[in-house]
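Position chain B relative to chain A; hints supplied.
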Amino acid sequence: MVPPSPSGVGAATVPRCQITRPEHAGGRGDVPDRQIAPLAPWQRVELALMALAVDPAGLKGLWLRSRVGPVLDRVTAALSALPLPLRRLHPLIGDEALFGGLDLTATLAVGRPVQAEGLLARPATLVLTMAERCPAGLAARLGQALDGPGHCLIALDEGAEADEALPPALADRLALFLTLDGIADSDSAPLRLDAEALSAARDRLPRVRIPARAGEHLTAVALALGIPGLRAPLLALRLARVIAALRGHPGVRRGDVLTAAELAFAHRARTWPEAAAPNVPPPLPPDPGADAEQADSLDLPEDLILEAVRAALPGDLLEHLAAARAARALTGGTGAGEARSGHRRGRPLPSRPGKPDANHRLDLIATLRAAAPWQAVRRRQAAPPIPISSPPGEGEPPLFARTAIPHLATLAQPASLSPLVGEGGGGAVFQNRSLHIRRSDLRIRRHLERSERVLIFAVDASGSAALARLAEAKGAVELLLARAYARRDHVALIAFRGSGAELVLPPTRSLVQAKRRLSGLPGGGGTPLAAALRLAGETALRVRARGLTPVLALLTDGRANVALDGAPGRDRAEAEAVQMAQSWAATGSASVVIDTASRPEAGLKRLSHSLGGVYLPLPRADAARMSQALEAALAPLKSD
Amino acid sequence: MTRTARQPFPFSAIVGQEDMKTAMILTAIDPGIGGVLVFGDRGTGKSTAVRALAALLPSIDVVEGCPVNSPRRDLCPDWAQGVADRIVTRPTPVVDLPLGVTEDRVVGALDIERALTRGEKAFEPGLLARANRGYLYIDEVNLLEDHIVDLLLDVAQSGENVVEREGLSIRHPARFVLVGSGNPEEGELRPQLLDRFGLSVEVASPKDIETRVEVIRRRDAYENQHDRFMKTWRPMDAGLRNQILAAREALQKLKTPGAVLHDCAALCLALGSDGLRGELTLLRAARALAAFEGEAAVHRRHLKRVAPMALSHRLRRDPLDEAGSAARVDRSLAEVLP
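Protein chains in written order, with our numbering: chain A, 1 to 640; chain B, 1001 to 1338.
Calculated directly from the structure, the hints in this document are not laboratory data.
The reader is advised that the hints may include incorrect statements.
[Said to hold, decoys possible] Calculated cross-link-like contacts (lysine to any residue; reagent style SDA-like; alpha-carbon spacing at most 25 Å):
1) Lys355/A <-> Ala1326/B
2) Lys355/A <-> Gly1167/B
3) Lys1121/B <-> Gly69/A
4) Lys515/A <-> Ala1326/B
5) Lys1121/B <-> Arg378/A
6) Lys1121/B <-> Lys605/A
7) Lys605/A <-> Ala545/A
8) Lys1304/B <-> Ala1246/B
9) Lys1121/B <-> Gly558/A
10) Lys515/A <-> Pro1191/B
11) Lys1121/B <-> Arg379/A
So here's chain A without its partners, still in its complex pose (with noise of 0.2 Å):
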């Protein structure tokens, strides 16, 4: 499909002033040819926000990676001037504030079903709160939403920490990206869309012509940034015709080009090319005799458009977001990834009868499901000209939703249970369609918690037995993942040699991402065993923070002989490496030294003491036998 370059003309004739640069980011009309130069961060900013106006639909949306300050409230502000409504979603927000479902007031009040309508029964711009707090589900279905036509998201992302961040299945749909750190308030302005402007940019949409060229530009160094999947080009094409409609050309031009790749690429990149590869020429040769008026506008070698990507990133960006993604594989692994606290958390059982207090939240669909049956019977019996008695087990008072069932309040608008309170307040007077909920009835929540076990392996890299011993302790992870479905496993993996420890593979259930993390793991150097015990010990406090288990398997030959500073001595590595296992023994959690040295470490023995955990002499260990020795000496800490 791509034209033959016929002519040996490269990148390096290319004349980069040609490359036309707005005035400013809502520019209208030509604006001379300038040299190239990335948007200042607050013209991106406006521009990405005059883009989306004119097109929300289709670029899907923007994820907006930002703590609240004034300049978010400023971009925030701006969101009026989308074309569809706001609607507002929060990362806890159900299916029937999604979906629709029935109206409860109004179908007690009118005595037939109503439905009332989701959020996302019109097109709309969906706001979504603390993105970063989204849910697997609500992600699923939300992409289900912008899938199909009419939705914009706008991602509101407060993540602090690296794994935090906006679910991957919703980042990939969104055309653009913004972050506002770095962009002082003083940086930034009042943003004031152009109405005007917008809707002229909107007319001239579909009519701005989009050179081939430009498609096989954007695809190129897409696949050069490492971006996999196709809908990232696909983005910044339609966002290449937003901008080329916004400055009003009425083509596709590359300074376009070079703005839909800076707003829509940065974020997704996981590699460059030139680290990876310097002076691989751009693998897509520029041809500049095949079409004149193409040749004037199109001529973009990828590097280029790297170039500009590159601008868009703010520093460490890209590190932050590829440990988000990594962070992402073990939120993504334990489902819901529902609250985690209290009688929320779990896999839902179904709900019993019982009194909600402080501890037990009530199930108000099953309540009224319990209730449902009895609501002919209880009718009869309160209509007030027939006294009869209550049958058996039906004999106690009446309860009114507002005055014994605290917790309805809770869950429910006050508003909308008022019709439910029969008239006359606490009497025994109903009317014919109210609602007659007993003791009985009362439906509490349950949920069955499973404690999910995240295995940290922190394996001696050091030395001269480093390559083997790491690939029996790769073998290991990976047997012991293989398994780890049934038995609800996560493994992470920690090496440490020479100055310090790393955090080889992060908490994962996936088999893939581990192997794909373990290959290529060097080996050699010293034992900085006191670094590997406070790393693992931050990486179970994060395991706990998600509400699992953190066991240790620390996997070593020798002693500490590489201080927390990395400085070499003896007497301080193993006074620092107790004080460390001491901190470890002291959270409780589980641990056991495997000591593959070929005579059993007496100091080992004494470490393993000072974690509070198991010691388990292996040399030469294998694979296969490291993973059953794990599994033995584990099995007793699987009953909690």
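Here is chain B on its own, set in the frame of chain A:
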């Protein structure tokens, strides 16, 4: 939530991904093969293919208003209400099972509307009822919660959904082709669920620039010159549909030589796949492929073509084998069926 403003992307316009397309066509020819699992990166056209398949599938005859899409009036469940006597033609149902769906939504539950407003104990059918005689599509199947997975396993096995709760005792047929997709980097699938899928294919983003550009080009044409694009591709889809229908017919008369049966058994033995399900699926898939290609009998090459997708997910996982199961199937294929 889906508006019918625009037809889905045509199946025949999907660039590459031959394995995935073949697997889906085979299940359309013979639903008994039992579903497809598509594993691969994001944005490789998994969802697009499933939705395109829905538009491609031949229509089915259903009793109007029947919640489980019964073909005849006497097959409608007795609890169903508002069932007419007319038979209407409907597109094959393709039902999405969203992540985080509740058990009630999947199996069905007491119709709380009717219970509250009319005091009747009625059953509100769930997604499994709607998917009967059609497809059940689970995106991100590897992130599905365990209790929903258990539920699906049970129903996929028995072909019947049994609801015993809240004083209801209801059963209805739930035979559907399970189509799952997911990204293996985000979690593995339980072996028991893997086994329920007849075929499994791996998709990856095309690695060469030309294919990628072609994908972008077609998608762009689909979005921006919709009518023209559909006009080009609709006849292709129609041709494919006719081919599927013809293959369904031909399947009945297709011959299976003894040598092919022998090949099947030898291959499964060499691979050590558990149970006989692998062999049965392999044979069914090979037959469907032969029928699709208009052959009178199954040949060894059909077997060889479908063996990786029918068997690779049934092998005992060997985590120390770097190459993966698909390569093992290929290796055995080369040895056993030269």
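Going down the list of hints, with the structure as the test:
no.: 1; hint: Lys355/A <-> Ala1326/B; in the structure: 55 Å, violated
no.: 2; hint: Lys355/A <-> Gly1167/B; in the structure: 22 Å, holds
no.: 3; hint: Lys1121/B <-> Gly69/A; in the structure: 53 Å, violated
no.: 4; hint: Lys515/A <-> Ala1326/B; in the structure: 16 Å, holds
no.: 5; hint: Lys1121/B <-> Arg378/A; in the structure: 16 Å, holds
no.: 6; hint: Lys1121/B <-> Lys605/A; in the structure: 66 Å, violated
no.: 7; hint: Lys605/A <-> Ala545/A; in the structure: 30 Å, violated
no.: 8; hint: Lys1304/B <-> Ala1246/B; in the structure: 23 Å, holds
no.: 9; hint: Lys1121/B <-> Gly558/A; in the structure: 70 Å, violated
no.: 10; hint: Lys515/A <-> Pro1191/B; in the structure: 19 Å, holds
no.: 11; hint: Lys1121/B <-> Arg379/A; in the structure: 16 Å, holds
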